[in-house]
Amino acid sequence: MATKPTVAIHKFSSCDGCQLALLNMGEALVDLTGRVDIKHFAEAGVLDESAHVDIAFVEGSIVTKLDTQRIQQIRKNARYLITMGACATSGGIQALKNLAKHPASWPADIYPQPEFIDSLDRSEPIKAHVKVDFELWGCPINSRQISAAIGAMLEGVMPRDDREKLCIECKRQGHVCTLITQGEPCMGPVTRTGCGALCPEFGRACYGCYGESELPKNAVLARRFLGLGLLTDQVERRFQLIHPEPERTLGLGHGGQDD
Amino acid sequence: MSRDYQTQTPIAARVVEFIQESDAIFTLRLQLEDAAERARYQFMPGQFNMLYLFGVGEVPISIVSDPLDDDIIDHTVRVVGRVTRGLAQLKKGDRLGLRGPFGHGWPLALARDKDLLIVTGGLGCAPVVSAINYALKRPEHYRKLSIVQGVKHANDLIWQHRYDDWREREGVEVLLAADEAGPAWPFHVGRITELLDHVTTAYDNCVVMICGPEGLMQRAAELLLEKGVPPYSIYLSMERNMQCAVGHCGHCQLGADFICKDGPVFVYPDIRERLLQEGV
Amino acid sequence: MERQAPRFLARQNFPLLLEQLVEHGYRLHGPQVRDGAIVYDTFHSVDQLPRGVQDQQQVGSYRLITSSNKRLFHWANGPQALKPLLQPAREVLWQAKRDANGALAFMVPESSIAKVAVIGVKACDMAALALQDQHFLQGEYEDPGYRARREGLFLVAVDCSYAADTCFCASTGDGPSAQTGFDLVLTELETGYLIAAGSDKGLSILPHLPLLDAQPQDLDIAQQQHADVVAMQSRALQPIPIGGLDRQRGHPQWQDIADRCLGCGNCTMVCPTCFCHHQKDELAIKGDESQHVREWDSCFGESHGELTGFQVRKTIKHRYQQWMIHKLDSWQEQYGRSGCTGCGRCMSWCPADIDFVKEANVLGGGSE
Amino acid sequence: MGGKMTERRVTIDVPSLARVEGEGALHLKIEQGTLQHLQFKIYEPPRFFEKFLEGRHYSEVPDIVARICGICPVAYQVSAVNALESLFEVELTPWIKQMRRLLYCGEWIQSHSLHIHLLALPDYFHETTVLGLAAKQPDAVKRGFFIQEAGNRLIKFLGGRSVHPIGLQVGGFHKAPSLAEAAELHRYIESALPEAIAMAEWVARLDMPDEQQSFTSVALTSPHYPLETGRLKSDRGLDIGVDDYETYFTESQCPHSTALWSLLKGENYLVGPLARLNLNVNGLPPFLDRLLAKLGNPFPSQNMFHSMLARAVEICFALHEASELLRNYKVPDTPSVPVRVKAGECCGWSEAPRGLLWHRYQVDAEGIIRAAKIVPPTSQNQARIEQDLAQSLQAFGLEHSDEALRLHSEKVIRNYDPCISCATHFLRFSAERSP
Ligand SMILES: Cc1cc2nc3c(=O)[nH]c(=O)nc-3n(C[C@H](O)[C@H](O)[C@H](O)COP(=O)(O)OP(=O)(O)OC[C@H]3O[C@@H](n4cnc5c(N)ncnc54)[C@H](O)[C@@H]3O)c2cc1C
Ligand code: SF4
Ligand code: SF4
Ligand code: SF4
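Which chain is which? The protein sequence lines are A, B, C and D, in order.
By the count of our numbering, the first sequence reaches residue 259 at its end, each step adding exactly one.
By the count of our numbering, the second sequence reaches residue 280 at its end, each step adding exactly one.
By the count of our numbering, the third sequence reaches residue 368 at its end, each step adding exactly one.
By the count of our numbering, the fourth sequence reaches residue 435 at its end, each step adding exactly one.
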């Protein structure tokens, strides 16, 4: 029998939620291991951090000096590197610290002895440090995404990269638009598909946990939010939550004009 | 009312031969697995199939073999993205799905007893290969066959031996050009349209088949019009994103046409306006 | 078959119509209030229909209000009606199986004809259905799944007695009263319904109902109601000649729209005539089978115009052009009429509040 | 014992850190056969959630705090809304209260079965992973997945997805699921309960070390087994309400850990399933009393290895509770009640799968969070873990090989299920020995 492709799951700064897309798969996890050889997956008890693998999945963002070295090694040891989740693809919720004026002082605000803490001033996505072959967006990602990615790689092709706007899936699902019927500031028009339009299904506005879609007209949406009666700082907070990125706010940056 | 027997669901085909034409180009020789399907399958040059790679997806690919060949259907594919990269890994004996044929092919009947001029640009344009093969097999039907091919870099030319082979044939002329070439390049250096001054086709009694990037097709067609080729003798093969191939999915619309069923081959005046039109 | 002369069904006897349809083997499908909108779904009892409910629609806004009115259909429309029923948003077209030797087999899910009676189809949606039929059934190729679903339908249309601010079906010639294509058509009055057949299927139901002759004054009221709804429509889409928008691609208004548009695709998703869909594969984790799925797509998405290494429609401006020019212009060449039936959904459900009619009128060279 | 400790009273102006219980390491020094030095080290980098919360609107808090932990997001969400709703004096409807409990049941079931089957059990079958275990005990693993899925489905029912669910809000829920969804879920839960009972009986039969230790159990208590609310008690007389937490509990930092240590009047203590069951064993439904009697009820127990059985019992409890809550499910008129913002300070807690989770917020008149403090279960257990390790390893015998010592230490640590990433098999173990 031909040897099975090898896989590793690595973790950086994160909540572990994305790895649950695998651990909550149930029996499919056993099916999966019939097709790939998992070399490293600490949560599942498989340990070999430095194994050379075909595909390395990486959860979490880079926040310590040690992380910056680890990720280099992981990249060297992997044929393909795929990030899972917001933390790894965009810095994630902990990148809120990138927006702070003095993040360097945070350890001191919290720890009596900040000198014990190895913490960079920023939370950085994996791609800021090494080449990433494919990104799975979402906070958290779901089992569908990861099995589609592995399935495609096993067929010898890259996974489909779907950057479609959430609204399209929202309408496929037959949900009633929260923005139109409730005046809620829904992020759907600039948010990447993938979750299945969960929040609108629950009658609430999307808060953007899957990250930015293709051609996001952030400024147009921000203007619309103002029109719904939101204040500037409320609009700003909507845009700066799970994938904080200062340039996105209020048309100060891109997305305002059609280009 | 349904037109073809096999339009919505693929049938299984087997790779009987895999030919690596160049680094990024390969030919898949396919045979339908089911004997009855084989017997029923008919196509014309310029038509295309939707090839399905298991678990990955479908892509439109022109048929390059001859309708009278045995029951082997050839497809020459260039590796550009997901599906084509996957197809490139197939080996002899592997299976894939196929549905088709779709679209309207080249007007080879119309070209009968006339000169046939074939103009292609880019990296070996598969759709016209079928027309070339067709004409070469039936030399008595065509007065003359001229093949004009342009590439960006000299190294992009694949199938050098095929061109050599074609050039040897009676009644066939082959003109090649490269935008950029080294000193060893024996052919024209410059634009493909410049070659059109050197073809010996009877402009007023020919049929032209053009395939390539839209800019090239437009320049060539306009030049040929100037040279006196009747507008309704110029045919082009068009490309757009394609999902269903039966005119339902809406992706391949070009103005009011659906390329999959109204094309991919169009007569020039019908789409003259659309070429290079931004956003169409 | 033409719309027949109506008879009268008293309000308290309306449930008998539903009963008859169930008796004839139909599952009931119709309007209900859900999450602040009128949505079509399976229902069982007349109590589930939107009694005394009215929709207040504006560009970018939709709200329901309730009143003591007893009418069941005194509203204009909701985000969807027939389209999801005939052209499901997601559908497995076929399934591919691969055995251990690599042999492939393709299976099509059984498409049995389900008998569904849709209650309360508005004129704009009847007109849209005719267009979808043309597209999926009457072209060179026929869509077998659509065919199966279509065959099973029993359509009970209802004339509009109210138009929302966004309605403009009178100007497209599609409403407010249903013209053809239905099996039965209702005109709702205070005391009951004028009911008429539009097909043999419809005719066969009528003898089972306690119908009365329609009174001349009822017919007058119905006519007045029609005239009132026409008058209620404040918008009108000016006719666009073939090529009338296509030739306007250079007009500065497109850029102006693009600067306000989110490119979110909601307009195309709620449009009852939009038919674009894409196909994709969903591979089982064991690698032995794959579902080939078809889903609604939108010309506002990047994958719609994607060729390898080349995007046909890079900007929102071009995507908006594709949508509007196709809908109002190329459509005429393709199907003999415009693709717009005046339902107004593309305006109500637009999160960027773009007024399609106003923009089309500006671009078409007419007045706003 | 560990390194130098810096004692500190944490006040709200110097908020302490919200951290994920994360990656761990263990360092032992054995000299002349005695344990000289033992360090259980958590080096998960800090994520500063308490800082992120500053300046955020109260309505955003559930979505933010969920991201502290992917395994117990519901616990974070519920503790947070408990705090904020108490400040805003929100009167929850009975439906909302029931559904909060139902949601919480889902998290216990999901988290506990994940722990039992994927993390703890392989140890007992000399396997390193659930995948190896699946080869030896396929039915048990299948059953485990089936039970875990019950938890996932419960969370999805009210929250759309099992990690970082989106259904909860201050004042209730965003949506009430339909009767049909409830009925379908109820059927699944009913079918999972007998499986869970069988699983508990099976766990009870596993061979566990018999090792008694002295420790204080701390848990919420309530007449109906505590999940989302209750009074905090210990088996040594503590009995307090949520606002008094900081009077009794202090946090401190030691250099080898990014998790803060929490102490009860300077002493370590235990939170989590064993502590909960020790204090609430009388609050179980009758079928569990009968089951425990049949299994020779060990609770209250001072044997940390009974934690796995405690989890199994809690799964049975949660499935039963969920089934009861779903049985008479009705769609309410409204899934939430209006919230009127008030400035002030508030505290909230609940029993996360791993134990008490306490939050405190300072909110201004606009509903903006001005300060936050979160004490997760792992900081509370951390001191206890080190003490347990020291005791357990002595009892186990320091003469054992490095490998055996490592395995035993891991087993001990896993009893606390401190967090998925350190509960698993990747302790970096280093033992220095001198003759
Ligand atoms: C009528 C017709 C005939 C063709 N004949 C040939 C041929 O003989 N040989 C050959 O090599 N290529 C041919 N092509 C182009 C070929 O279809 C594309 O290169 C191929 O679809 C790219 O798919 P991909 O998955 O590898 O690329 P990706 O870039 O990963 O494309 C993703 C998807 O986009 C769509 N797509 C991308 N490019 C095109 C395209 N040019 N046309 C239609 N859909 C596209 C497909 O749905 C594809 O699956 C033809 C195209 C058309 C329309
Ligand atoms: S992306 Fe979200 S779910 Fe995934 S690890 Fe990060 S915080 Fe957790
Ligand atoms: S609810 Fe949000 S995602 Fe859905 S259509 Fe409206 S704006 Fe788009
Ligand atoms: S709707 Fe938006 S916030 Fe909600 S789960 Fe989806 S992407 Fe995340």
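One or more hints might be untrue.
[Stated by the list, open to error] Below are the SDA-like pairs computed for lysine to any residue, each with C-alpha atoms no more than 20 Å apart in a straight line: (1) D:156 / A:68; (2) C:97 / A:47; (3) D:136 / A:26; (4) A:131 / A:52; (5) D:136 / A:34; (6) C:286 / A:156; (7) B:261 / C:1; (8) C:280 / A:39; (9) C:286 / A:154; (10) B:91 / C:142; (11) C:201 / C:102; (12) C:97 / C:335; (13) C:314 / B:222; (14) D:411 / A:158; (15) A:39 / A:73; (16) C:201 / C:335; (17) B:92 / C:130; (18) C:280 / A:196; (19) B:261 / C:138; (20) B:261 / C:103; (21) B:92 / C:280; (22) C:286 / A:51; (23) C:97 / A:39; (24) C:97 / B:34; (25) A:39 / D:387; (26) D:265 / D:126; (27) B:137 / B:34; (28) A:101 / D:370; (29) D:142 / A:233; (30) B:92 / C:102.
[As the list claims (entries may be wrong)] Here are some, though not all, of the chain D residues that point toward chain A, as calculated from beta-carbon distances under 7 Å: (31) 129; (32) 145; (33) 292; (34) 404; (35) 408.
Bear in mind the hints are in silico, worked out from the structure with no lab data behind them.
Using N, Cα and C, we set each Cβ at its ideal position, and we do this for glycine too.
Closest C-beta approach of residue 145 of chain D to chain A relative to 7 Å, hint status: Holds: closest Cβ of chain A sits about 4 Å from residue 145 of chain D, inside 7 Å.
Given hint residue 26 of chain A paired with residue 136 of chain D - CA-CA distance at most 20 Å: 17 Å, holds
Evaluation of the interface hint that places residue 292 of chain D against chain A, nearest CB under 7 Å: With Cβ-Cβ at 28 Å, over 7 Å, it is violated.
Holds or violated: residue 142 of chain D to residue 233 of chain A, with C-alpha atoms at most 20 Å apart: Violated: residue 142 of chain D and residue 233 of chain A sit about 50 Å apart, past 20 Å.
Satisfaction of the residue 404 of chain D interface hint, Cβ to chain A closer than 7 Å: 18 Å, violated
Restraint status (C-alpha distance of residue 411 of chain D to residue 158 of chain A at most 20 Å): Roughly 40 Å between the alpha carbons, so the hint for residue 411 of chain D and residue 158 of chain A is violated.
Holds or violated: residue 92 of chain B to residue 102 of chain C, with C-alpha atoms at most 20 Å apart: Roughly 12 Å between the alpha carbons, so the hint for residue 92 of chain B and residue 102 of chain C holds.
When the least beta-carbon distance from residue 408 of chain D to chain A is tested against 7 Å, hint result: With a closest approach of 16 Å, the residue 408 of chain D hint is violated.
Agreement of residue 314 of chain C and residue 222 of chain B with the hint, judged by alpha carbon distance not exceeding 20 Å: 27 Å, violated
Restraint check for residue 97 of chain C with residue 335 of chain C, where alpha carbons must lie at most 20 Å apart: Roughly 38 Å separates the two Cα atoms, so the pair is violated.
Pair hint residue 286 of chain C and residue 51 of chain A, alpha-carbon separation not exceeding 20 Å: Given pair residue 286 of chain C, residue 51 of chain A is violated - Cα atoms ~24 Å apart, limit 20 Å.
Straight-line alpha-carbon gap residue 39 of chain A to residue 387 of chain D, limit 20 Å: Status violated; Cα separation ~33 Å.
Hint check: violations occur at hints 1, 2, 7, 8, 10, 11, 12, 13, 14, 16, 17, 20, 21, 22, 23, 25, 26, 27, 29, 33, 34, 35; the rest are consistent with the structure.
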